[in-house]
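Make a model of the complete structure from these sequences and hints.
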Amino acid sequence: MKKRKVGIPRALLYYYYFPFWLKLFSELNLEPVISDSTSRDLLNKGVKKSLSEICVPIKVMIGHVLNLDQKDVDYIFMPRFRSLKKDVVLCPKFLGLPDMIRHSLPGLKTEVIADQIDSKSDDIAQFSNHQKLAETFSITKREMKSALKKATDFWQRYRDLLFKGYLIDDFAGIEELEILEKVITKFENDPKPPQSRDQNLEAPVNEEVVDIAVIGYVYNIFDQYINMDIINKLKEMGVRVHSFSMVAEETIEKELSNLRKPMFWEFTNKLYGAAEHYLKNDGIDGVIHLTAFGCGPDSMLGQILEVDAKEYEKTFMTLRIDEQTGESHIITRIEAFIDLMRLKKENN
Amino acid sequence: MRLSFPYMGPTIVYAKLFELLGHDVVMPPKPDKEIIDLGVKYSPEFACFPFKVITGIYLKLMDKNLDALVTSGGHGPCRAGYYGEVHKKILQDLGHEVEIIVIDSPHDDYKYFYEVIKRLKGDSSWLQVGRVIKIVYELTKALDEIEKKIEILRAYNDKGTINKLWMQAQEDFYQIKNTAEIKEIKNKYLNKLIKFEDSIPVEAERYKIGIIGEIYVVMEESINNQIEEKVNRFGFEVERSQYLTNWIRENAFPFLDRDLEKIEKKGEEFIEIGIGGHAQGNIGHAINFKEEGFDGIIHLKPFGCLPELVSQSVMDDLSEKYEIPVLTISIDEQTADANVLTRVEAFLDMIREKNYREVM
Numbered sequence: 001m002k003k004r005k006v007g008i009p010r011a012l013l014y015y016y017y018f019p020f021w022l023k024l025f026s027e028l029n030l031e032p033v034i035s036d037s038t039s040r041d042l043l044n045k046g047v048k049k050s051l052s053e054i055c056v057p058i059k060v061m062i063g064h065v066l067n068l069d070q071k072d073v074d075y076i077f078m079p080r081f082r083s084l085k086k087d088v089v090l091c092p093k094f095l096g097l098p099d100m101i102r103h104s105l106p107g108l109k110t111e112v113i114a115d116q117i118d119s120k121s122d123d124i125a126q127f128s129n130h131q132k133l134a135e136t137f138s139i140t141k142r143e144m145k146s147a148l149k150k151a152t153d154f155w156q157r158y159r160d161l162l163f164k165g166y167l168i169d170d171f172a173g174i175e176e177l178e179i180l181e182k183v184i185t186k187f188e189n190d191p192k193p194p195q196s197r198d199q200n201l202e203a204p205v206n207e208e209v210v211d212i213a214v215i216g217y218v219y220n221i222f223d224q225y226i227n228m229d230i231i232n233k234l235k236e237m238g239v240r241v242h243s244f245s246m247v248a249e250e251t252i253e254k255e256l257s258n259l260r261k262p263m264f265w266e267f268t269n270k271l272y273g274a275a276e277h278y279l280k281n282d283g284i285d286g287v288i289h290l291t292a293f294g295c296g297p298d299s300m301l302g303q304i305l306e307v308d309a310k311e312y313e314k315t316f317m318t319l320r321i322d323e324q325t326g327e328s329h330i331i332t333r334i335e336a337f338i339d340l341m342r343l344k345k346e347n348n
Numbered sequence: 001m002r003l004s005f006p007y008m009g010p011t012i013v014y015a016k017l018f019e020l021l022g023h024d025v026v027m028p029p030k031p032d033k034e035i036i037d038l039g040v041k042y043s044p045e046f047a048c049f050p051f052k053v054i055t056g057i058y059l060k061l062m063d064k065n066l067d068a069l070v071t072s073g074g075h076g077p078c079r080a081g082y083y084g085e086v087h088k089k090i091l092q093d094l095g096h097e098v099e100i101i102v103i104d105s106p107h108d109d110y111k112y113f114y115e116v117i118k119r120l121k122g123d124s125s126w127l128q129v130g131r132v133i134k135i136v137y138e139l140t141k142a143l144d145e146i147e148k149k150i151e152i153l154r155a156y157n158d159k160g161t162i163n164k165l166w167m168q169a170q171e172d173f174y175q176i177k178n179t180a181e182i183k184e185i186k187n188k189y190l191n192k193l194i195k196f197e198d199s200i201p202v203e204a205e206r207y208k209i210g211i212i213g214e215i216y217v218v219m220e221e222s223i224n225n226q227i228e229e230k231v232n233r234f235g236f237e238v239e240r241s242q243y244l245t246n247w248i249r250e251n252a253f254p255f256l257d258r259d260l261e262k263i264e265k266k267g268e269e270f271i272e273i274g275i276g277g278h279a280q281g282n283i284g285h286a287i288n289f290k291e292e293g294f295d296g297i298i299h300l301k302p303f304g305c306l307p308e309l310v311s312q313s314v315m316d317d318l319s320e321k322y323e324i325p326v327l328t329i330s331i332d333e334q335t336a337d338a339n340v341l342t343r344v345e346a347f348l349d350m351i352r353e354k355n356y357r358e359v360m
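Chains as they are written, first to last, in the UniProt record's numbering: chain A, 1 to 348; chain B, 1 to 360.
Honestly, the hints are just simulated from the structure, not real lab data.
Here the structure is a predicted model, which is why all the values come from computation and not from measurement.
Note that CB positions come from ideal geometry on N, CA and C, so glycine has one too.
Errors might be hidden in some of the hints.
Said to hold, decoys possible - The calculated lysine to any residue pairs, modelled on SDA-like cross-linking and capped at a C-alpha distance of 25 Å, are:
no.: 1; chain 1: A; residue 1: K261; chain 2: B; residue 2: L94
no.: 2; chain 1: B; residue 1: K265; chain 2: A; residue 2: A114
no.: 3; chain 1: A; residue 1: K310; chain 2: A; residue 2: H277
no.: 4; chain 1: A; residue 1: K261; chain 2: B; residue 2: Y112
no.: 5; chain 1: A; residue 1: K261; chain 2: B; residue 2: W247
As the list claims (entries may be wrong) - If you want a taste of the chain B side facing chain A, the calculated C-beta under 10 Å gives, among others:
no.: 6; residue: G81
no.: 7; residue: G84
no.: 8; residue: D108
no.: 9; residue: G277
no.: 10; residue: Q280
no.: 11; residue: F303
no.: 12; residue: L309
no.: 13; residue: V310
no.: 14; residue: V314
What follows is the structure in structure tokens.
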């Protein structure tokens, strides 16, 4: 029998969970089809179909859904992420995403599978989070549970590598499970440390290497189109790039416990915890807050980080991206930022 | 304690609450151009508009020698629940030493809630506190009852006369000391309004507009460009989805409010789960307004409002399915009065025209 095709939009939490989904669909004998990488054309289509004042990541998401609709897939898989921790939810737009898609894209041909994800941790492998998926393809509870177990074990290996200092960027372009498996195995056995931990790293033209923490959501910092490939640009300039996904959960929890009241949004809390950790860390020369136009939670987080950065005397910059950001703008800003840090280092 | 609070809707209610508890209350200034500019200057660029307005109000209050600012919290995921924490940071950073007391739900942190309530109650006994809450609740109900009348009568009578009565009523209510006086004043003004009721035409000739949206821009007329008056001016009646009574019932006595819950549940048809703010409830109210024979919906939201953007996304579909015209207006510091007026006028013209054609 021909494998049925399930489309996965390459947007939002795709970057965080794609190894889990690739493994899961392979175990369930389904063929995952991933939408094309974000491009001018794809983004324009998304922009056209969304409200003008909604945040860029949602516009990107709508572009990817429309892209999948053109790809002749049987279903589009787009879970409704509600919670990944007790009493903490995600941004309202995540909570209402399937509703927005259903009611604002009346021309969509493909059916959307929108399971609601309610989990106590980042591990989303509970059967209750995949009930609709199981129903759609008549998968028994036992089959589903066994596939979920394998998927989560595989995802855990990916997570461990992220904690070890690899960037999501090192994996994100891969669409084939076999290749991903090979890459993960290779990294696991690699004696050479990842770029962010490499003490022997050499900067071009004998400049000093600097350490920068890029604070931002996975769908902003690892979508190479929307952020003009900032990660690689930084690397080329001799920067060790750090991101929130490298910070241990316990560290984030500890930083969060210093707040009287944590924020309401899961990933914003993660960013806060990681950012505070980096602001206090002497090994980090500067922090970039990479945020997207119209991001509500970031408007609150950004204000807090700005004040705290002043307190810790850490070089800090907010970089805002939207559907019109120009490449030269980004380059100028990060070049100036890096120069500033190198100057600071020399003066010390 | 010498304290103040953000300005929203009928401020005399909050003033009365703290005054009766024995605090020295400083009335917050009504938002105007100066306050908004001040707020915009010291708030994050992408913070929602109510946040910026409240920043402005707080900064304006800084020379009043306050002990504390009291505000409500919440458990999100609407940003409003986190305003207090970020305002603390901003005021601190600007070197102002004033405490911000955030009233959070007891479910979130019981101990903190208890501490806050104990401080706010001051020297009053719990019995007195109960009495005060009853007075304030009755006051809110009375205010809302009169305001609902005003929103209808202003469509058919001289705007100035009606507005003056409404202002007087609020001033009189500010003097009350017990529930008997509330009743007395309420009846006085309801009587005064009776003579205007003759002007209401027969049911078939009445036009009604429901206003839904984010609570702050819906309730605060100095922020929403007096949208209700504007609608009234063209001979349309208005009703809102948000009144302070609802808010108090929802937050203080959630078990009391089954009717409201039923209306808000209707929103599940378009937004399946609660997503914060009043998004789902607003959709429910929109459907309810249609069922009650309203002719159109005006949907107000601050620019970039997280939950209301989701409700705006489903609004076209709702409008089509329920055959009710919807006008969405985003409000922020750039909103111009003439722009709002033009859009409202065009919208209302369209409704009259549509109705006229259907009758022909």
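Violations among the numbered hints: Failing hints: none at all.
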